[in-house]
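My request is simple: use the sequences and hints to build the entire structure.
According to the numbering used here, the stretch in the sequence shown is residues 272 to 442, in order.
Please note that a few of the clues may not be correct.
As the list claims (entries may be wrong) - For each label pair, taking beta carbons as the anchor points, the in silico distance ranges come out as: (1) 272 x 322: 12 to 22 Å; (2) 310 x 274: 34 to 44 Å; (3) 273 x 321: 14 to 24 Å; (4) 336 x 307: 51 to 61 Å; (5) 306 x 284: 56 to 66 Å; (6) 277 x 304: 52 to 62 Å; (7) 352 x 320: 18 to 28 Å; (8) 336 x 305: 13 to 23 Å; (9) 306 x 285: 47 to 57 Å; (10) 343 x 275: 15 to 25 Å.
Hints are computed from structural coordinates only; laboratory data are not their basis. All figures in this text were calculated on a predicted structure; none of them were measured in a lab. Note that CB positions come from ideal geometry on N, CA and C, so glycine has one too.
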Amino acid sequence: MIRITHDGCQSSDKIEIAECEGMCGTYSMYSSEVNSMEHKCNCCQEMKTHKREITLICPDGSTVQYSYVYVDSCHCMENNCEEPTSSLSNSTIHEVFRAKRSPDRINESGDKLSLINLQKETDSISFNEVNEANKHKRERSLENDLQENQPKERKPRHGRRANAQKRMKLT
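See below:
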């Protein structure tokens with residue numbers, strides 16, 4: 272729950288905010304059938320939303336109506352995976368950004384705010400480990416990939432997001 276602030280005006284109470292997060296079966300692996308890399312790219316995103324209206328109180332005592340988007344349900348949506356434009360000799364590095372929350376900050380009203388910023392990290396994994404892991408991912412049914420996730424109430428977090436993806440270095 273957070274306090275919503277807009278143009279100097281603020282909600283009198285903390286407001287529930289929902290977000291989407293989850294695993295959606297994304298992978299990239301070599302296919303001997305087509306003698307190239309095979310990609311499956313999915314992303315967890317909102318499927319159903321609605322607008323909620325609240326009243327914000329301004330410093331001069333006036334009030335304003337404010338509407339925001341609330342997430343009702345989430346779903347794994349297929350994305351197009353693009354081929355890399357450049358390659359490194361004898362190795363390919365696949366980079367995925369991890370979301371990391373910066374240290375909590377205090378706003379003018381004394382509420383803690385958590386901000387998200389991106390941090391690059393690279394983990395080395397052997398080709399066999401990646402290939403084996405992706406083999407198991409592919410064996411999962413499409414129903415699991417498309418299973419609807421319920422939105423979660425947004426809560427302040429410390430450290431890294433639990434579902435952050437790893438970067439792979441294939442040699």
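Review point. Of the hints stated earlier, which fail here?
Key: 8
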